[in-house]
Amino acid sequence: MTSKHYDTIIIGAGHNGLVAAAYLAKQGKKVLVLERRSIVGGTVVTESFGESFTVDSVQTGGMLRPDIIKDLKLSFPTRASSTGQKGTVLSLSTEFPFISLQPDGNHLTLDAESIKRISEKDAERWPEFVRFMDKAAYILDTAYATIMPRLPKNLNIREGYGLLELGLELRLAGRKDMLNFIRALPMTAQELVEEYFESEIVKAAIASVAIHDSTLGPMSAGTGYTLIHNWMNRGGLSHPNVGKAGEITNALADAVKAFGGEIRTDAEVKNIKVEGQVAKGVLLANGEEISANIVLSSADPKHTLLKLVGAQDLPPEFVWHTQSIKMRGSVAKVHLQTNGNHGIPEGTLVIAPSIKYLERAYDAAKYGEISEKPYLEVTTSENTVSIHFQFAPYALKNESWQVAGSKVEKLAIDTLSEYFPNLQSSIINRKSITPLDLETTYGLTEGDLNHGQLMLDQFLFMRPIPGWSNHKTPIDNLYLCGSGVHGGVSGASGRNVVKVLK
Amino acid sequence: MFNLKTTPFHERTSALCQPQNWRKWAGYFAAGSYEHTLDREYWAIRNAAALIDVSPLIKYVIKGKDAAALLHRVTTRDIHKMKVGQVAYTGWCDEEGKMIDDGTVTRLEESTFRLTAAEPNLRWLTMNAVGMEVGITEVTDEVAALSFQGPNTRKVLNIVAESPVDELKYFRMMKNRIKGVEVTISRTGYTGDLGYEIWMDNNRDALKIWDTLMEAGGDYGIAPVGILAMDMARVEAGLFMLDVDYTSASHAWIEPQKSSPYELGLDWTVALDKPGYFVGRRALEKEKREGSIWKMVGLAVDWVGMEKIYKQVGLPPQIPGMAVRGSLPVMVGNVQVGYASTSTWSPLLKTYIALAHLQKPYFELGTDVRMEITVEHHRQHAPAKVVKLPFYEPEWKKR
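Line by line, the protein sequences give chains A and B. Per this note's numbering: the first sequence = residues 1 to 502. Per this note's numbering: the second sequence = residues 1 to 399.
In short, the hints are calculated from the structure, not lab data. Glycine included, every Cβ here is placed at the ideal spot set by N, Cα and C. The reader is advised that the hints may include incorrect statements.
[To be verified] Listed next, with one range per pair, are the computed distances between beta-carbon atoms: (1) A:G276 <-> B:Q20: 34 to 42 Å; (2) B:E285 <-> A:K4: 27 to 35 Å; (3) A:G276 <-> B:D166: 49 to 57 Å; (4) A:R175 <-> B:G27: 50 to 58 Å.
Starting from the given sequences, assemble the full structure and let the hints guide the process.
See below:
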């Protein structure tokens, strides 16, 4: 059964898919977004698990690039001063505090004033650190906005121009900052923070942001890069707009529709139709075939290429590289509905007492075990408490996620209750999301929130795989536009792909 | 330490190999020749029956629901069209359409194939089998093979085989028995003559096959033949060899070292009309559309012209007694337009011939070129002509 024909089909209604759809619809293209779930948003979603139990289920809060907001005329609250705006240094805002929880209840908010309490020296260094991080985040952001060339193939003129711009930005960043930025990328988060601070609490709190969403410890090489990446994404240490993740994607979905695009939910793509190495459309799980001139996939590269296309239509070396993309999700989410008496302050709270604590939490993941003493990041929104749990590796050595889910839930609640004794009794309802759920419900291969680990061998022109960093695939008219491609944060990938299509 | 292996026939071949000129072939000892000169072995191929131990050939058994799909994807032939018992010669390419290796595919059963190769290909096959239900097993050591080549071979096989081989057509395979030992016999070879290849399990019974053939072949001029005489015959037959006449794309150092199947004259093996993806399809389609820049051709060196060059130094033409695996520049005027990769004296054709790679437009039939020869330590260029391949094709080859 064949239905209508579209200019472009976009697989997945996450933020990147919707950004791409909105830009294309705005150009007057006939676009159709297909989402397997019954709600849009992908991982940038606010969903309800019961009455008065509505949370940012996967990504906490978030932002879109300001240029996207402007281009698509979205009305969405952005962080007052965020990266992507040339030259702005992040205000040391107390609007979204970032707090390191302490067993004695003497929690430390990371700002110059509070840090002074434990170390005068660190407080002095704090502004310089924030300045450098903002600058580094800005440079990274510029890199993400640049479509990467398909190295080692020869540069074409357009790719060369983008790189030239990037090079210019790097140069304009100043010799010292540029050098420090390049030097910071392969460093460990531990080494990076130790260059600035002496207090273990401060160092560990910052280092926790480096390992957030990654299967890496603060002593892993390349966590300098992930720290800058997460800093850029959040606009600092803390999450902006907690409880409002869904507003971003709903605003994007509204924009798609306003520009005349269509969005279909409960529409799972089973296959991408390929004839003679050219994408012709998609086959839905319900048997419906929809044809299109161009197919964009915002699903992760492994799922798109190995499941939706299939190895049989792809060159062997390409398949080999795609298989080798490191996914390794190890995040679990525990959402709690409470009666409001949980006693947890607002902001982004972390249990990260020391660098060693974080590294040991990560050690468990290396061996396929759940961290007994996990790194937690906690946010609240009205009566709900959301706990981000690391490390809960997708591939467990001795158990299955069908049974391990309740273990993580208990560990998360017990660990947090040590800091907030009233939490336990305030709980009304709970909802856990395991790495397996992230795969089965949210379509993330191995529960990897980044569509492929953020590592130095999987970024820039090596993302998703070397030689294929410009959204193209060996299948003509099939493009990748999700987080698995370089630039896949805050909608950059979804926007960049539109430039490639021109 | 790396030691060369011996084939299942080593007990016999080592006893027969007078010059002890062992060659290394895919990690095995292979007899270069059994006598000190090649004449008798060469003429056994062309006039009688030659028994050649080809056990070192690398062999894979590819088995399972997707066995045909895997070979269809890897090779350039339309494997789905092959019938059980059919053998197909094929090359296989990388994604840029450059040759990795070549060999034969035999459809032993509906979903069981045997693939031969010059070099190990397990990794490449495995890489291509992602998502497929297929087992790939290397059976080089487990399967012994004898190549039985020459116009008398059919008669000899009919004496020793339980079922006659009269009906076995060119590039077909049959199951058979010799002295009660199970074998498969394919009508294939590397000499361009009437010939068969006999495949059997590697055990003591393999020697029984050797002995039986040698005994029955006694009245038909059978001779054990080494790979040096076979090398002369294969050039006459226009058959090339990996690492001699072309470089595998998988270990070429630079792009120009690679060859496409079109450049090697394998146009007939590239089934662009077959359905679905196969490795290199796009690049091959493009080359087919735009034409190739290189082509492998036959060169026949002009005897009279060569004689003149030798005469200048007071010598009659000197011809090597075996195939020369060395690159020889091919010129037009003072410009090099290609190179010969293997050259040999053809005792049958009484011509000095070569397999040569020439650039467009010099690969057209009938083009006059000159090939380098060394005359009394001096480089000279003998006149030669581009001729059709194969140089020699007896009417009984396919009959």
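Now the hints, each set against the structure:
Separated by about 56 Å at the C-beta atoms, G276 of chain A and Q20 of chain B break the suggested range of 34 to 42 Å. Against the hinted window of 27 to 35 Å, the Cβ-Cβ separation of E285 of chain B and K4 of chain A comes to about 31 Å, which satisfies the hint. Distance hint check for G276 of chain A and D166 of chain B: the Cβ-Cβ separation is about 44 Å, which falls outside the suggested range of 49 to 57 Å. Here the CB-CB span from R175 of chain A to G27 of chain B is close to 57 Å, well matched to the stated 50 to 58 Å.
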